[in-house]
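There are 2 protein chains.
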Amino acid sequence: MSGRVAVIGAGPCGLSQLQAFESARRGGARIPEIVCFEKQTSAGGLWNYDWRTGTDAYGEPIHAGMYRYLWSNGPKECLEFADYTFAHHFGQPIPSFPPRPVLADYVLGRAKAFGLRRYIETNTVVRQVSFDQDAGSFAVTVRNRDKDEQRTEHFSHVIVASGHFSVPNIPHYEGIESFPGRVMHGHDFREAREFKGRHVLVVGGSYSAEDIALQCHKYGAASVTISYRSAAMGFHWPDTVDERALLASIDGAEVSFSDGSAKEFDAIIFCTGYLHHFPFLDDELRLRTGNRLYPADLYKGIFWRANPKLMYLGMQDQFYTFSMFDLQAWYARDVVMGRIGLPDGAAMDADMAAWSKREEALPDPIAQIDFQTDYCKDLHELVDYPHFDLQLLADNFKEWEHDKEHDILTYRDKAFRSACTGVLSPVHHTTWLEALDDSREAYLACG
Amino acid sequence: MSGRVAVIGAGPCGLSQLQAFESARRGGARIPEIVCFEKQTSAGGLWNYDWRTGTDAYGEPIHAGMYRYLWSNGPKECLEFADYTFAHHFGQPIPSFPPRPVLADYVLGRAKAFGLRRYIETNTVVRQVSFDQDAGSFAVTVRNRDKDEQRTEHFSHVIVASGHFSVPNIPHYEGIESFPGRVMHGHDFREAREFKGRHVLVVGGSYSAEDIALQCHKYGAASVTISYRSAAMGFHWPDTVDERALLASIDGAEVSFSDGSAKEFDAIIFCTGYLHHFPFLDDELRLRTGNRLYPADLYKGIFWRANPKLMYLGMQDQFYTFSMFDLQAWYARDVVMGRIGLPDGAAMDADMAAWSKREEALPDPIAQIDFQTDYCKDLHELVDYPHFDLQLLADNFKEWEHDKEHDILTYRDKAFRSACTGVLSPVHHTTWLEALDDSREAYLACG
Numbered sequence: 000m001s002g003r004v005a006v007i008g009a010g011p012c013g014l015s016q017l018q019a020f021e022s023a024r025r026g027g028a029r030i031p032e033i034v035c036f037e038k039q040t041s042a043g044g045l046w047n048y049d050w051r052t053g054t055d056a057y058g059e060p061i062h063a064g065m066y067r068y069l070w071s072n073g074p075k076e077c078l079e080f081a082d083y084t085f086a087h088h089f090g091q092p093i094p095s096f097p098p099r100p101v102l103a104d105y106v107l108g109r110a111k112a113f114g115l116r117r118y119i120e121t122n123t124v125v126r127q128v129s130f131d132q133d134a135g136s137f138a139v140t141v142r143n144r145d146k147d148e149q150r151t152e153h154f155s156h157v158i159v160a161s162g163h164f165s166v167p168n169i170p171h172y173e174g175i176e177s178f179p180g181r182v183m184h185g186h187d188f189r190e191a192r193e194f195k196g197r198h199v200l201v202v203g204g205s206y207s208a209e210d211i212a213l214q215c216h217k218y219g220a221a222s223v224t225i226s227y228r229s230a231a232m233g234f235h236w237p238d239t240v241d242e243r244a245l246l247a248s249i250d251g252a253e254v255s256f257s258d259g260s261a262k263e264f265d266a267i268i269f270c271t272g273y274l275h276h277f278p279f280l281d282d283e284l285r286l287r288t289g290n291r292l293y294p295a296d297l298y299k300g301i302f303w304r305a306n307p308k309l310m311y312l313g314m315q316d317q318f319y320t321f322s323m324f325d326l327q328a329w330y331a332r333d334v335v336m337g338r339i340g341l342p343d344g345a346a347m348d349a350d351m352a353a354w355s356k357r358e359e360a361l362p363d364p365i366a367q368i369d370f371q372t373d374y375c376k377d378l379h380e381l382v383d384y385p386h387f388d389l390q391l392l393a394d395n396f397k398e399w400e401h402d403k404e405h406d407i408l409t410y411r412d413k414a415f416r417s418a419c420t421g422v423l424s425p426v427h428h429t430t431w432l433e434a435l436d437d438s439r440e441a442y443l444a445c446g
Numbered sequence: 000m001s002g003r004v005a006v007i008g009a010g011p012c013g014l015s016q017l018q019a020f021e022s023a024r025r026g027g028a029r030i031p032e033i034v035c036f037e038k039q040t041s042a043g044g045l046w047n048y049d050w051r052t053g054t055d056a057y058g059e060p061i062h063a064g065m066y067r068y069l070w071s072n073g074p075k076e077c078l079e080f081a082d083y084t085f086a087h088h089f090g091q092p093i094p095s096f097p098p099r100p101v102l103a104d105y106v107l108g109r110a111k112a113f114g115l116r117r118y119i120e121t122n123t124v125v126r127q128v129s130f131d132q133d134a135g136s137f138a139v140t141v142r143n144r145d146k147d148e149q150r151t152e153h154f155s156h157v158i159v160a161s162g163h164f165s166v167p168n169i170p171h172y173e174g175i176e177s178f179p180g181r182v183m184h185g186h187d188f189r190e191a192r193e194f195k196g197r198h199v200l201v202v203g204g205s206y207s208a209e210d211i212a213l214q215c216h217k218y219g220a221a222s223v224t225i226s227y228r229s230a231a232m233g234f235h236w237p238d239t240v241d242e243r244a245l246l247a248s249i250d251g252a253e254v255s256f257s258d259g260s261a262k263e264f265d266a267i268i269f270c271t272g273y274l275h276h277f278p279f280l281d282d283e284l285r286l287r288t289g290n291r292l293y294p295a296d297l298y299k300g301i302f303w304r305a306n307p308k309l310m311y312l313g314m315q316d317q318f319y320t321f322s323m324f325d326l327q328a329w330y331a332r333d334v335v336m337g338r339i340g341l342p343d344g345a346a347m348d349a350d351m352a353a354w355s356k357r358e359e360a361l362p363d364p365i366a367q368i369d370f371q372t373d374y375c376k377d378l379h380e381l382v383d384y385p386h387f388d389l390q391l392l393a394d395n396f397k398e399w400e401h402d403k404e405h406d407i408l409t410y411r412d413k414a415f416r417s418a419c420t421g422v423l424s425p426v427h428h429t430t431w432l433e434a435l436d437d438s439r440e441a442y443l444a445c446g
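Line by line, the protein sequences give chains L and C. Sequential numbering from 0 applies to the first sequence in numbering that gives the first Met the number 0. Sequential numbering from 0 applies to the second sequence in numbering that gives the first Met the number 0.
It cannot be assumed that every hint is accurate.
Just so you know, same-sequence chains aren't split out, so a pair can sit in one copy or run between any two.
[As the list claims (entries may be wrong)] Each computed DSS-like pair below joins lysine-lysine, with the alpha-carbon atoms no more than 30 Å apart: (1) 262 with 397; (2) 146 with 356; (3) 217 with 195; (4) 195 with 376; (5) 397 with 308; (6) 195 with 262.
Source of the hints: derived by calculation from the structure; they are not laboratory data.
Could you put the whole structure together from the sequences, leaning on the hints where they help?
Structural data, given as structure tokens:
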């Protein structure tokens with residue numbers, strides 16, 4: 000078949016796309032030429048740890064925002080690759096909540112095992128993507144930062160896999176300029192020990208706020224206050240952690256909350272989310288959405304409705320991650336290769352409208368899990384991605400939610416069953432609260 | 000006359016360029032259409048204080064790196080606008096070393112007085128600049144961030160005034176990933192009180208290292224160690240400040256230096272300079288230089304040798320600032336308007352070679368001051384910028400250098416004579432070391 004495909008980003012989504020094409024190639028199919036442009040010096044996306052914050056050695060915004068001692072906040076069984084299991088990669092059973100270096104090793108391990116590196120041009124930032132109506136192809140302008148050279152190439156398809164958790168959303172609060180301590184977004188959080196003995200305010204109500212608050216507690220913060228906008232997380236926090244209503248104003252070190260309370264802090268950490276940010280895309284190609292389970296304008300959550308030769312991976316709010324990215328990538332591959340045909344516009348609109356309507360009516364996290372499970376099942380029906388038990392995954396997610404409700408400090412000590420192998424994971428040798436060393440070696444040791 | 004001029008950036012250099020054209024217009028000349036694109040929400044460039052670090056509300060790298068309690072580290076008399084004096088703006092004599100808000104008020108005050116705002120499109124980031132050989136014009140692609148719209152316009156001339164102190168140079172040091180405290184570049188330094196009682200390592204040997212070290216001392220750091228690469232600054236530091244040779248390695252909180260010494264720190268601040276970073280310029284238009292007094296490829300330090308319709312302002316290492324920017328802007332204006340003709344290539348090359356040869360032989364800061372003074376005189380000869388006493392300015396710089404050698408803690412308490420009015424400034428009501436309030440109100444109060 001003809002065609003030339005640009006993949007933007009070599010994080011988990013981009014690697015899933017390369018894996019999808021490589022698996023087809025190994026199955027005997029002729030695949031199009033694939034070029035994956037990666038801004039960072041190596042593949043891995045957010046899973047690369049970067050001690051720098053702000054801008055990188057080339058003056059570009061830092062992509063990775065993961066921090067030291069970050070342990071998975073969901074069971075690894077809920078993100079396992081069906082074609083490359085944890086048991087296969089590590090050669091031993093491992094517990095359900097690995098630290099970042101272990102998951103990074105797993106993601107990059109599959110890429111290495113399948114030789115995906117040869118598709119990737121690292122240190123190359125995509126500067127502009129335009130669609131040429133006459134030629135019917137995309138002009139992609141990139142800058143190779145090693146060679147310090149810019150060039151434009153043409154592609155029949157573009158797959159955007161640049162992620163949506165790397166560009167911080169940083170709201171302004173009255174008086175913030177007068178605060179005498181550190182002010183930062185969670186994207187710049189690297190080292191919990193920096194806040195030992197400090198009184199920390201965490202602003203936000205989602206996963207980042209939850210985990211950074213727990214990190215600060217675990218590594219010795221004097222107190223952690225979490226300020227929420229809409230609703231408290233309501234977990235059974237330790238005594239030194241509390242939740243308060245919306246931050247109202249800041250006067251020097253004293254922060255006032257909308258419940259009338261006030262407290263002095265040493266640091267403020269904004270866990271206020273991220274922007275879907277695609278400065279390299281022409282306006283008519285640019286996805287504009289918040290962080291939701293079914294972004295508008297993407298058929299099957301993948302195909303840019305106005306021009307389906309442009310695809311997006313992983314732009315949803317996520318319970319499912321790696322395995323969902325694989326399903327999206329397999330589906331995108333099959334459309335590119337003509338194995339799956341896209342319906343006419345009316346049919347696409349009807350399908351998108353039905354999913355959107357259902358999404359808007361979702362009452363709670365349990366219903367959200369079922370929604371994304373059904374979305375994954377819908378993709379899985381038409382592609383040859385290996386079987387895995389999506390219903391067991393959904394049950395795992397719900398059990399995990401209940402574990403967190405029961406005790407936010409111990410939920411990572413639980414064990415889950417693989418949806419790929421059916422095997423129940425071992426319990427880790429050390430509880431999360433006591434495990435201070437996040438190295439691969441410490442984690443894989445028998446303890 | 001015909002022509003359409005794009006000015007990139009509305010900081011001091013961009014404002015100087017607008018002032019140059021506006022003064023010609025007020026003098027009765029027909030000037031070309033001028034469009035100044037400014038990324039930030041207001042003019043002022045680095046002189047805007049931004050509490051954010053990393054990326055801004057639109058996901059673009061933060062430009063401004065100035066911090067609270069930043070007081071000018073050079074006499075205001077050495078940067079005074081000859082067409083808009085400090086005495087005229089403030090209506091009263093003011094001391095020689097104002098804090099940031101006062102200098103920002105001055106820079107923006109001239110812009111307001113001359114109505115320069117109408118030339119500026121704020122919140123508009125330049126994405127790409129290309130030169131069309133056939134059309135003989137520049138294609139400038141910009142994104143208006145308010146409207147979230149990208150567009151391309153064409154200009155006969157482009158003047159790059161985006162600065163070179165906004166994109167940090169952040170080297171890697173062995174073991175930095177293991178450091179348990181805060182790691183940052185000086186560009187992200189905002190609030191000295193954050194380091195009260197802390198042991199701070201400042202890496203660098205130039206103005207940023209000098210001033211951030213003094214800020215940390217002034218606002219209560221337990222100790223400040225400055226690590227230099229080539230040579231110690233050698234000032235008479237207070238007892239809690241010391242200088243050490245190159246940072247060799249980092250092991251946890253302990254930092255080892257090449258002189259064999261070691262010390263534990265709470266924070267590391269890299270004052271390791273900035274990159275000349277022009278991601279928006281096509282390769283053949285892009286200045287590539289370090290921070291030096293006479294960058295290569297710029298005739299008169301302004302005109303891009305390969306295509307003089309592209310100009311750069313303020314790309315030099317700087318003793319002179321605002322007044323030098325004015326001289327460059329006046330010169331650029333007169334070339335654009337045909338008042339000054341550029342010589343042929345051979346003559347330009349000979350002129351550039353002579354300046355470069357002299358620059359490379361400069362033995363010390365005093366010779367560097369004379370060099371930049373002569374550079375300014377060379378520009379001033381051909382333009383109608385108001386007279387000011389450049390020789391007095393050079394003497395002021397040298398006196399300032401001697402004051403710093405004498406006492407780095409008191410040099411800001413000295414008074415200098417205006418090169419525009421000849422008037423000696425008053426001594427400030429409070430010494431710099433005792434002046435903790437950097438507000439305009441406190442500074443202008445009679446004390």
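What hints, given by number in increasing order, does this structure fail? 1, 4 and 5
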